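Chemist: All chains should be built: construct the whole structure from the sequences, respecting the hints.
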Amino acid sequence: MYDLAALGAELRGTVFAGQVAYFPTIDSTNTYALAQAQRGAPHGSVYLAGEQTAGRGRGGHQWHSRPQDGIYVSVLVRPSLSSDRALWLSLIAGMAVKAAIEQPTALAADIRWPNDVLLRGKKCAGILVESVFAGDAMRYAVIGIGLNVNHESFPEPLSQTATSLRQEAGHPHSRDVLLTTLLHALQAELTALAVSEDVLERFTAASSWVRNKQVSVAEDEGYTGVTCGLNPQGFLLVNTRDGTRTVRSGGVRPCE
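Heads up: the sequence shown begins at 377 in the numbering used here, then just goes up one per residue.
Keep in mind the hints are simulated off the structure, nothing from the lab.
None of these values were measured; they are calculated from a predicted model.
Note that CB positions come from ideal geometry on N, CA and C, so glycine has one too.
One or more of the hints may lead you astray.
[Unchecked claim] The following label-pair restraints were derived from C-beta to C-beta distances:
hint	residue 1	residue 2	range
1	Q479	E427	37 to 45 Å
2	V553	S459	30 to 38 Å
3	D618	E427	28 to 36 Å
4	D460	T567	15 to 23 Å
5	Q536	S459	34 to 42 Å
6	G389	S625	12 to 20 Å
Modeler: See the structure below:
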């Protein structure tokens, strides 16, 4: 259980102050947040769950949301962002999660494009950004984040690809501290997004996957190549035998 009073105090002065709604159990924080957005909920609304029964990840995958072991949260934002920069929200969310892991722990996190956060090659956090536009302008977006914190194990075959902070560090971590750090990091990223054009450069520095990584891409017929940067929209570029290709939706994995 979260200490919601302490969380409220830690969030004073942020865009999230007074805007945290907690649910012991919910089907999906993203689904709920999208419904609230349609009803006019304000920028910075936070929807936090102890457990999700139908948590969603990218590509229609289900997120393993074990009760009280992880952080399951969705944040509603209303940024001034055009459709050609929509992916930037996913990139800054990944950087916020990376910072939230590294600041209070001794763990080193990496980001697999666009926003899977890894510890020693295994996934410890996933991000699902769902956006709604009016013409070319973003009306709102929901940033859903699932972070594996105190999971001691995962069912097969998930255990082959997933990990938690507890598994990597060998001891449990405070979800309250991690959540507070995460929301402060996300506010910093949203502020930077509004005033700076350096998102792509900072993401490139934060992720080992953007350049010189041999990858296989599950897109179109599937292909392999070496990553060679991001295009202006934030999509991953991969050098292949047939030229440079742009990854738009396919899963990116290291070459076996």
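Chemist: Next, verify each hint and record whether it holds.
Modeler: For each hint, the structure was consulted:
| no. | hint | in the structure |
| --- | --- | --- |
| 1 | Q479 <-> E427: 37 to 45 Å | 26 Å, violated |
| 2 | V553 <-> S459: 30 to 38 Å | 36 Å, holds |
| 3 | D618 <-> E427: 28 to 36 Å | 46 Å, violated |
| 4 | D460 <-> T567: 15 to 23 Å | 21 Å, holds |
| 5 | Q536 <-> S459: 34 to 42 Å | 36 Å, holds |
| 6 | G389 <-> S625: 12 to 20 Å | 38 Å, violated |
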